Amino acid sequence: MSSEAALADDTVKLAYAVLSANAGDDAAAQIAALGETGLIGLGIEESRGGSGGSIALAFLVAEQAGRTLAHPAVLHQMGAALILGGVDAPADDVADVVRGQRTVLTALATSSAVDVTIPFAYSAERLFIVTPNSLRISDVQRDAMSGEGSWRHPDWAEHRVRVTAQHHGREWQCKGEPQKAALSALAGFYALGAASALLRDTATYTGHREQFGAPIATFQAVSHPLASCWIALHHARELNIASAEHVAGDWTDLYVAAHAALTTGLHTAETCLHAMGGIGFTWDADPHRYLKTVLRLNNWPEPAINRRRQLRTLLIHDYAQAR
Amino acid sequence: VGDNSITQLTAGGPRRSPDSALPTAAQAGTGDAFAAAARAVLDAVASEVGWIKRPAVGNGDNVQRDQRRAFDRALARRGWAGLAVPVDYGGAGRTLTELATFSAELAALGISTPYNRVGVGIVAPALLLFGTESQKRQLLPPLLATDCIWCQGFSEPEAGSDLAALRTSAAIEGGQWTINGRKIWTTLASEADYCLALARTGREQSKHQGITALLVPMRQSGVQVTPITQLDGERDFAEVTFDAAHAKRDAVLGEVGQGWSVAMAALSYERSLHLLQRQLRLSRMVDELHRSVRWSEVNDRAADDMVEIAIAVRSLKSSVHAQLTTLQEGRNVGVNANSSKVLWSETYQSLARLGVELALSGAGPDVDGWLAEYYSSLATSIYAGTNEIQRTIIAERGLGLPRR
Chain A
1 MSSEAALADD
11 TVKLAYAVLS
21 ANAGDDAAAQ
31 IAALGETGLI
41 GLGIEESRGG
51 SGGSIALAFL
61 VAEQAGRTLA
71 HPAVLHQMGA
81 ALILGGVDAP
91 ADDVADVVRG
101 QRTVLTALAT
111 SSAVDVTIPF
121 AYSAERLFIV
131 TPNSLRISDV
141 QRDAMSGEGS
151 WRHPDWAEHR
161 VRVTAQHHGR
171 EWQCKGEPQK
181 AALSALAGFY
191 ALGAASALLR
201 DTATYTGHRE
211 QFGAPIATFQ
221 AVSHPLASCW
231 IALHHARELN
241 IASAEHVAGD
251 WTDLYVAAHA
261 ALTTGLHTAE
271 TCLHAMGGIG
281 FTWDADPHRY
291 LKTVLRLNNW
301 PEPAINRRRQ
311 LRTLLIHDYA
321 QAR
Chain B
1 VGDNSITQLT
11 AGGPRRSPDS
21 ALPTAAQAGT
31 GDAFAAAARA
41 VLDAVASEVG
51 WIKRPAVGNG
61 DNVQRDQRRA
71 FDRALARRGW
81 AGLAVPVDYG
91 GAGRTLTELA
101 TFSAELAALG
111 ISTPYNRVGV
121 GIVAPALLLF
131 GTESQKRQLL
141 PPLLATDCIW
151 CQGFSEPEAG
161 SDLAALRTSA
171 AIEGGQWTIN
181 GRKIWTTLAS
191 EADYCLALAR
201 TGREQSKHQG
211 ITALLVPMRQ
221 SGVQVTPITQ
231 LDGERDFAEV
241 TFDAAHAKRD
251 AVLGEVGQGW
261 SVAMAALSYE
271 RSLHLLQRQL
281 RLSRMVDELH
291 RSVRWSEVND
301 RAADDMVEIA
311 IAVRSLKSSV
321 HAQLTTLQEG
331 RNVGVNANSS
341 KVLWSETYQS
351 LARLGVELAL
361 SGAGPDVDGW
371 LAEYYSSLAT
381 SIYAGTNEIQ
391 RTIIAERGLG
401 LPRR
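Residue numbers (this note's numbering), protein chains in the order written: chain A, 1 to 323; chain B, 1 to 404.
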């Protein structure tokens with residue numbers, strides 16, 4: 001095994017162990033644990049307050065977050081770290097985020113005054129706003145956050161946050177597209193991890209659940225759709241790994257790969273939910289938690305429909321001009 | 001082996017051009033130097049045989065066949081056949097990564113599979129894995145030089161996906177194998193010199209046991225080939241009848257009774273290596289569709305389909321390259337190859353269907369070319385193991401689901 005592969009293997013094991021030990025819905029605890037073990041600042045040079053290593057390692061941590069169904073708010077923190085590491089921010093500021101000492105929400109916006117809905121929001125202290133040409137950081141005004149109720153779990157509320165033009169934060173000029181791609185990639189890897197975990201659970205369940213005198217997994221009507229999910233996940237993961245390892249400043253491949261991960265993750269969750277039958281629709285069972293998480297991730301940091309529009313422009317030559 | 005002398009066909013093994021200024025593949029440098037040498041040789045061969053770069057669509061294996069064979073023979077003469085096959089057996093001894101580089105250069109000329117595609121894709125790997133030293137030295141050079149064409153006799157009228165149900169039998173009579181039975185959908189049978197045929201040689205204790213892989217000469221009185229016309233009008237495959245056909249006693253690949261393992265290993269290897277060429281061709285077709293469509297006349301739904309197809313092709317590329325790396329390291333790719341066969345075939349079908357729809361809508365693409373691709377694509381979920389078989393394998397080995 002090469003040294004890079006060994007490092008990746010160690011990172012995956014550590015992330016899985018840390019997140020498993022803090023399983024549940026306590027986002028702050030998970031962020032603190034990831035921060036303490038240096039798993040948030042991967043992909044950022046140590047001299048800049050990060051943990052070193054390649055950005056691909058950060059994505060592997062996100063995948064383990066999905067595999068353990070960690071609170072997706074950890075993606076806010078990991079995303080903020082990557083974004084901050086990509087601008088000329090003071091190392092101390094980066095380190096605060098990397099160590100989990102200052103909790104963060106991230107959002108995309110098209111203008112400087114924003115009014116955004118942030119999924120997986122919790123009581124974070126700062127808000128990172130990525131616009132097409134800048135990164136803005138502001139303190140979260142508690143009275144500006146309004147909960148919109150639970151979509152998955154009472155602790156996983158999403159909030160509408162209003163940040164006015166008179167915010168008191170700081171701003172860096174930077175290209176927004178790479179930041180968006182990095183956030184999308186984090187979401188994509190999380191979705192891959194979550195979908196893979198759900199697929200394994202579904203394989204176990206359908207291998208034991210008997211109907212017509214046999215495990216339902218012995219029927220091709222059940223096993224083949226699951227095999228299709230395996231095929232799709234395998235290829236989406238290969239694409240994402242290759243894109244992460246060769247990112248080298250080109251965010252397009254990362255963004256494209258993230259789309260594959262997110263759509264595959266959602267389709268897998270839907271298929272598994274169906275294969276589990278009534279269990280898939282039961283509140284006390286896990287499948288719906290995976291589904292709802294991946295559904296939200298498919299629309300974070302931007303709506304899926306916006307991503308599709310951008311992909312047309314990116315992947316079809318002269319499409320934008322033709323339209 | 002057999003009564004049809006391979007040595008006559010080879011006339012002394014692979015022919016090389018001693019006076020060529022261009023290096024053989026074995027002599028070429030590495031990295032960029034290798035790629036440059038490959039391009040130079042391909043240019044020289046294209047010029048020599050009058051090869052004109054083929055369009056990205058409508059250029060299946062049956063187009064320009066004579067010229068196509070001449071191209072591969074010219075490559076072999078210059079020492080550029082069997083890139084990843086050891087030099088001792090007529091190859092160039094290069095890595096699979098270099099084979100990928102060379103395949104990409106070939107794809108740019110519109111060449112996606114070797115003329116002797118069954119031989120190179122299935123028989124050669126099987127020979128390397130299971131052949132005796134003598135078999136490898138005798139059979140591989142003419143195969144790689146495109147002098148000896150091979151077909152593969154696996155499927156039978158009553159044994160398609162259920163390959164283990166095959167009925168063709170072989171027994172030792174008078175010191176040689178006598179073979180009786182029928183094979184069907186046998187690609188390249190009409191021009192093949194040899195067939196890698198599976199035959200039942202033992203008692204049927206288990207469907208997978210008692211099968212032997214035989215190297216059967218095709219040009220003998222006991223072999224009758226009846227071409228089958230395909231839905232696209234081509235006659236690429238045929239029904240083969242063995243009526244007391246003969247093969248020499250030692251014309252066995254692997255051990256007697258080991259045929260099932262030979263077949264599975266050969267098909268597995270075929271999937272990975274052919275996938276590389278197939279993925280390259282698919283990429284070229286995607287580029288062509290991008291280029292030829294007037295997107296101002298197309299709705300967003302078709303554009304979204306195009307995006308998903310383009311992403312699938314990227315995913316396929318990533319997986320295939322990862323599999324090549326795995327093979328290069330001497331490890332098994334497991335069900336990843338089965339998985340990529342499914343993605344490749346279904347993406348090809350989606351792309352061809354979209355191409356036909358866009359062509360018939362008058363948005364720019366060539367109708368005949370895309371119709372040819374569409375018809376061709378329909379076979380891909382059937383051959384090399386149907387996609388249902390692949391999914392069953394993945395369900396069992398990838399997901400650990402119970403067997404029926």
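Derived by calculation from the structure, the hints in this document are not laboratory data.
Just so it is clear, the structure is predicted and the values come from calculations on it, not from any experiment.
The beta-carbon is built from N, C-alpha and C at its ideal position, and this holds for glycine as well.
Among the clues, some could well be false.
Going by beta-carbon spacing under 7 Å, a handful of chain A positions derived as facing chain B [claimed, not checked]:
| id | residue |
| --- | --- |
| 1 | Ala203 |
| 2 | His208 |
| 3 | Ala221 |
| 4 | His235 |
| 5 | Ala260 |
| 6 | Leu273 |
| 7 | His274 |
| 8 | Gly277 |
| 9 | Ile279 |
Computed footprint of chain A on chain B; a stretch qualifies when at least three of its residues, placed anywhere within it, have a C-beta under 8 Å from a C-beta of chain A [what the hints assert, rightly or not]:
| id | segment |
| --- | --- |
| 10 | 22–33 |
| 11 | 109–120 |
Status of the hints after comparison with the structure:
At its closest, the beta carbon of Ala203 (chain A) sits 4 Å from a beta carbon of chain B; the interface hint therefore holds under the 7 Å criterion. The closest approach between the C-beta of His208 (chain A) and any C-beta of chain B is roughly 9 Å, which is over the 7 Å cut-off, so the hint fails. At a threshold of 7 Å, the smallest CB-CB gap from Ala221 (chain A) to chain B is about 11 Å, leaving the interface hint violated. For His235 (chain A), the shortest C-beta to C-beta distance to chain B is roughly 4 Å, which falls under 7 Å, so the interface hint holds.
Because the smallest distance between the Cβ of Ala260 (chain A) and any Cβ of chain B comes to about 5 Å, under 7 Å, the interface hint for this residue holds. This hint is violated: Leu273 (chain A) has a C-beta 16 Å from the nearest C-beta of chain B, more than the 7 Å allowed. For His274 (chain A), the interface hint is violated, the least distance from its beta-carbon to any beta-carbon of chain B being 16 Å, above 7 Å. Against a cut-off of 7 Å between C-beta atoms, the interface hint on Gly277 (chain A) is violated, since the closest Cβ of chain B lies about 16 Å away.
Taken as an interface hint, Ile279 (chain A) does not check out: its beta carbon lies about 17 Å from the nearest beta carbon of chain B, beyond 7 Å. Coverage of the segment 22–33 of chain B by chain A is violated in this model, with 0 residues showing a Cβ closer than 8 Å to a Cβ of that chain against a need of three. Look at the segment 109–120 of chain B against chain A: 0 of its residues bring a Cβ nearer than 8 Å to a Cβ of that chain, fewer than three, so the hint is violated.
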